[in-house]
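Novice: Sequence:
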Amino acid sequence: MSKRIFKFIWSAILFAGAVSLLGLVLPRLITALHAWNKIYPPEDAPSERVAIVFGAGLRRDGTPTAVLRDRVETGARLYFDGKAEKLLMSGDNPTLAYNEPDAMRRYAVSLGVPEDAIVLDYAGRRTYDTCYRAKVIFGVESALLVTQKFHLPRALFLCNALGVKAYGVEANNLNYRNISLFFWNVREQFATLTAFMDLFVDRPLPVLGQAEPIFLD
Numbered sequence: 018m019s020k021r022i023f024k025f026i027w028s029a030i031l032f033a034g035a036v037s038l039l040g041l042v043l044p045r046l047i048t049a050l051h052a053w054n055k056i057y058p059p060e061d062a063p064s065e066r067v068a069i070v071f072g073a074g075l076r077r078d079g080t081p082t083a084v085l086r087d088r089v090e091t092g093a094r095l096y097f098d099g100k101a102e103k104l105l106m107s108g109d110n111p112t113l114a115y116n117e118p119d120a121m122r123r124y125a126v127s128l129g130v131p132e133d134a135i136v137l138d139y140a141g142r143r144t145y146d147t148c149y150r151a152k153v154i155f156g157v158e159s160a161l162l163v164t165q166k167f168h169l170p171r172a173l174f175l176c177n178a179l180g181v182k183a184y185g186v187e188a189n190n191l192n193y194r195n196i197s198l199f200f201w202n203v204r205e206q207f208a209t210l211t212a213f214m215d216l217f218v219d220r221p222l223p224v225l226g227q228a229e230p231i232f233l234d
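Just so you know, we're using my numbering here: the sequence shown kicks off at 18 and counts up by one.
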């Protein structure tokens, strides 16, 4: 192989790598810029009629993970502080044994949130689905989004793009390990790229069904 051909191949590899890296990093940068003035600690959050609490998995015994408890506790705080009238608990429910929204409801009730202040979305399989269904099924026009800071830029970008005017509220009551934060942030790079594909290329339809507006006025 001549030196000239080798140089061309090496340049092509470097160019392809740079384009791939840009494609991975750019969506995260865009969502971060979109979110920079829309994220609040609970005490400074604006008031909205609905706060959407995003699912984050269950333990083997069917109770919320530490990350999910953090989110539910933050949603409960918003309710008690008068900053949200209803908590929309959105998560996955693929089997009878795995019911994320109901586990969220039970934990919120144990914290003192009344049953009639809680609305359950059983088909919030992904952040995209939660935002889409909040608008189409539950008639949410604007909302507080309750999740950890690493997740908020993507959630805010998706909900606003799908027609829900959204503000983020940090659920950061726990001191998470650095290794966990690193893993979650790496995961967000790929999840954010997927979110852009969902919004601008694929436009997938989540599980829908009959409209169930939270408020009738």
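Keep in mind that the hints were calculated from the coordinates and are not lab data. Cβ coordinates follow ideal geometry from the N, Cα and C atoms, glycine included. Incorrect hints may have been included.
Under the rule of at most 30 Å between Cα atoms (straight-line distance), these lysine-lysine pairs were calculated in the DSSO-like manner [to be verified]: (1) Lys166 - Lys152; (2) Lys166 - Lys55; (3) Lys103 - Lys166; (4) Lys103 - Lys55; (5) Lys103 - Lys182; (6) Lys152 - Lys55.
Taking CB as the label site, the calculated pair distances span [said to hold, decoys possible]: (7) Asp234 - Leu198: 40 to 46 Å; (8) Ala114 - Pro221: 24 to 30 Å; (9) Leu113 - Pro63: 34 to 40 Å.
Novice: Hint by hint, work out which the structure violates, then give me just those numbers in ascending order.
Specialist: none
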